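A.B. asks: With the hints as your guide, set chain Y onto chain G.
For the record, the sequence lines run as chains G and Y. Read in order, the letters of the first sequence are residues 1 to 562 in our numbering. Read in order, the letters of the second sequence are residues 1 to 254 in our numbering.
Misleading hints may appear alongside valid ones.
Pulled a few chain Y residues facing chain G out of the computed Cβ check, cut under 7 Å [what the hints assert, rightly or not]:
1. R58
2. P86
3. V89
Non-contacting residues of chain Y with respect to chain G, defined by C-beta distances greater than 12 Å in every case (computed) [unchecked claim]:
4. A98
5. H104
6. A119
7. L135
8. P171
Think of the hints as simulated: they come from the structure by calculation, not from any bench. Treat the numbers as computed from the prediction; the structure is a model and nothing was measured. For every residue, glycine included, the Cβ atom is placed at its ideal position computed from N, Cα and C.
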Amino acid sequence: MAVPVSTPAERVRPVSPRHFVRLKLRVMGNNFRGQGWRIALFVVGVLVGLWFAAGGFLMFAAPGFADEPRYAVMAAAFGGGVLVLGWLLLPLVFFGVDETLDPARFALLPLSRRTLVTGLFAAALISVPVFAVLVAVAGLVVSAALLGGAVAGIVAALGVVVGVLLCVAASRAVTSAFATMLRSRRVRDLAAVLLAVVAALLGPLQLVVLAAVRSADWDRLVGVARIVGWTPFGAPWTIGLDVAEGRAWAVPVKLIITAVTIGALLLWWSRSLESAMVGAASAAPTKARRAPTGGAIAQLFPRAVGWARRDRFGALVARECRYWWRDARRRANLITIAVVGIFVPVMVNLGGAGFAGGEEGFEAAGDPSPVLLSISMLFVGVLASVTLANQFGFDGSAYAANVVAAVPGRLELRARMTAFSVYVLPMLGIVSLIISGVLGRPEWFGVAAGALLASYGVGLAINGFISVLGAYSLPETSNPFAMNGGSGIAKSMLTLLSMVGSAAAAVPMVVAAGLLGDGWLWLSLPVGAAYGLGAALLGAYLAGDVLDRRMPELLSTVTPRR
Amino acid sequence: MTGEHPALALRGLAKQFDGKVAVAGVDLAVPAGSFYGLLGPNGAGKTTTLSMAVGLLRPDHGHAWVLGHDVWGDPVEAKRLLGVMPDGVRLFDRLTGAELLAYHGLLRGMDPAVVDQRAAELLDVLALTDAGRTLVVDYSAGMKKKIGLACALLHGPRLLVLDEPFEAVDPVSAALIRDILHRYVVGGGTVVFSSHVMEVVERLCSHVAILADGTIKRVGTLAEVRGERSLEDVFVEVVGGRTATGEELAWLSR
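Excised from the complex, chain G in its bound form (with noise of 0.2 Å):
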C-alpha cells in the first residue's frame, strides 16, 4: 500500500511548437460552436483583412510594375517599417492582443521557457491579421521579382516571411512587458510618465518628419529609405530589391539584423511571460498594513467624489472611481485616452499647417481653422466616450452584486457616466487648454472644449447603448490588453459603430464652427456643454429602460465562459 508513485522512466515525448498551433486552431473552433453570429462576424473580419492585405498588395507591388526601383526601396522601408511599427503601437492604443492561449494556462505544465515562448510565437502566427499583412507584404515578393528576376524574387519571399515574424514578435514583447508594467502597483504610475514622455515626442518628431519629407527631394527620401533599410524596421523588406540592385552581399547582413531583434524580442517576451505566469508582481500588497482611517463609508469615497451624497448614486460614483484605477485594463484604456488625446488633435492640427521659419518651426502658418480643430477635438471626445462602450464587461461577474440589489438601470448608468467623467473632464480641459496653447490661439480654448463636451456627452448617450447591449465578456487574466479570441472582430465593429455613430451625433458642432464664424467662438462652450450633458442625460435615461428589463441577460453575457 505505501508504494510511492514512482515516474517510470517512460520515454516523454517532445512538445513543439506544432502543439500550441493545433491547440489555438481547437481553441478558436470551439468558439465557433454553435455560434452562427461569431462565425459571420468571422468572415466578415477576413473580408476586411483581405481587402486591406489587397490594397497594401497594390501598393508594395505598383514599383515593379511601373520598373521604379527607386520607388520600390522607399516602398519597402517605410511601407515595411510604417507596418513594424504599427504592430509595436497599434495593440496598446486601440486592439489589444489576441490571449486566445492565456500563458498563466501553462504554468503548471512541465515546459521550459524556450518551448512555450516558441510555442506560443508560433501560435500566435495563426492569426487574421498576420494572413493579411503576409498578403500584403507579398507584393514586395512580386516587385522584386519584376525588378531583379527569379532570385531577387525567392530572397524577397523570405525576407517578407522573416518581417512577419518580426512584427508579431514585437507586439507580443511589448504588450507582455507592458501588461507587467502596469500590474505592479510600484511602477504603475512610471509607466504613465513614460507614455505621456513618448507621446509628448511624438508630436514634435511628426513636425520634424513633415518638414523633412517638404523640403527634401527625392534623392535624399530614397536615402533615408536605404538606411532605414539598415534598421529592424526596414531591414527584412528591403533584401530582395538589394539583390535586384546588384548588392547580395547585403542579404544575409540584413537577415542576421532581423534575427537578432526577433531573437531579442522573443527573449525580453519570455522574461515578461514568466512574471505573467506567475503573477510575482501583485503579490507584494506592501502598503497593506496601514491602518484605515475612518468608517467604512468614509474609506469608500475617495477625496475627489467627497461631494457626492452617501447614497446608492453616490456609492456606484465611488466605487466606479476606485475601479477606474485600480483595475489594470481601465487604468490602460485611460492612460490611452490622455496619450491619443494630446498627440492626435497636435498631429492633425500642425500636420496640416505650413511652417513659418527654419529653425524651430512650431509658428502655426493659417491653415488650422476652428472647423479643422473642431474635427480633431471630435475624435478626441468619441474616442474617450467609446471606451465606455463595454463597461459592463471590465466588471464581469461582479456585477451580480448590482442585480440582486435591484439597482434601477438609469441610476447604473447616470452613477457610472460621472465616474467616468471625473476622470476624464480634467483630461479635455488640459487637452483644450494644451490645443490652443499650441495653436497659439488662446481664444480658440472655448471651440475646442464646447466640441469636446459636445462629443463626449452625445459618445456616452450612444455607448451606454452599446454596452448594455452590445456587452462581451473579457478573460479573467491579469493582462489589461488581453482579449477572448473570437471576440475581437465583434469588440471592433462595434466599436467601430459607436465611434461612427457619436461622430454623427456631434458633427453639427462642426458645421456650427463652420458656420458661425467670430461669434461661435464665445458660443461654442456653453452650447456644447449643453448638447453633451443633455445627450447623456437623455441616453442613460433611455438606455437605463433597457437595463432594467435586460439586467439578467447583461450578466450572463459579461461574465467569462469557464
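C.D. replies: Positioned in the frame of chain G, the structure of chain Y alone reads:
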C-alpha cells in the same frame, strides 16, 4: 405575512443552455425559519437553480417567490428581503473589505451611520479587521467567503441564499460561518444553501432537498429524507454513483 408565505417558493423552474437541459422543472417550498440544505453532485444544477431563484438568471419556465413577492415580477421588493452569496461570481474585489461593505450597504439604500456601525461589527466578528487596506482580490479563499457572507448579511435580509458557503473554507472559518448562520436562523431568518458536504448539511439543516440531473429527487425534513440511514448513503443511492472495483487505475499503485 411570514406565516402565509414560504420564505422561498419555486415552481417549475427550468433552464436550458444551448439545448442542454441544466434544470428541468424544480418545485420547492422553503418554510420560513428553516435551515434548508440543497444537496447535489457537481453539475446537478444547484447553482443554476439558486441563480434563477434570486434573480440572477432568467428562467426559461417557472416562477420564484421570496416571502410572497415574485422575484421576476416584482424584483425590487423581493430583492430587498433577500441576501445572496453566489458562488463562482467575483465580488467587486478591487475594493478593501470595508469599502466593499460600505458599497453594498449604500447600494441597499441603508443609512450611512448604520452601514458604518454594522460593517465594523461584521469585520470584527469575522476576524477581517486585521486585513486593513488589503484588497479583497488579495484575500485568501476563506476570507473571500467570509466577506461575501458579510455583504449578504449587512442589510439584515429575511432570507439568505448561499451557494456553496463552505467550499474551500478552513475549519476555523467554517465553524465561524456555521455559528453565524445558526444564530441568524434562531433569530427568525431563513437560510437556503447548497453544498455537497454531507457532514455540514446533517449537522445544520432542518430540511434538505437532493437535486440531481436538474430535478429534485428527494425533499423533506432531514429526518424524513435520511430515515434510518446516513445522509451520505441516501445521497449516493439517489444520485447513483459508481463504486470502485479496485481493477481500474492499476497503474496508480506501481
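A.B. asks: Decide, hint by hint, whether the structure agrees.
C.D. replies: Tested hints:
Because the smallest distance between the Cβ of R58 (chain Y) and any Cβ of chain G comes to about 5 Å, under 7 Å, the interface hint for this residue holds. With 7 Å as the threshold, the beta carbon of P86 (chain Y) comes within range of chain G, its nearest partner Cβ sitting at about 6 Å, so the hint holds. Taken as an interface hint, V89 (chain Y) checks out: its beta carbon lies about 4 Å from the nearest beta carbon of chain G, inside 7 Å. Some Cβ of chain G comes within 12 Å of the Cβ of A98 (chain Y); the nearest lies about 4 Å off, and the non-interface call is violated.
Chain G draws H104 (chain Y) into its interface by the beta-carbon criterion, the shortest separation being 7 Å against a cut-off of 12 Å. Here A119 (chain Y) does not stay apart from chain G, with its beta-carbon only about 4 Å from theirs, under the 12 Å limit. A beta-carbon of chain G comes within 12 Å of the beta-carbon of L135 (chain Y); the shortest separation is about 7 Å. Its beta-carbon lying about 25 Å from the closest one in chain G, P171 (chain Y) satisfies the requirement of being farther than 12 Å from that chain.
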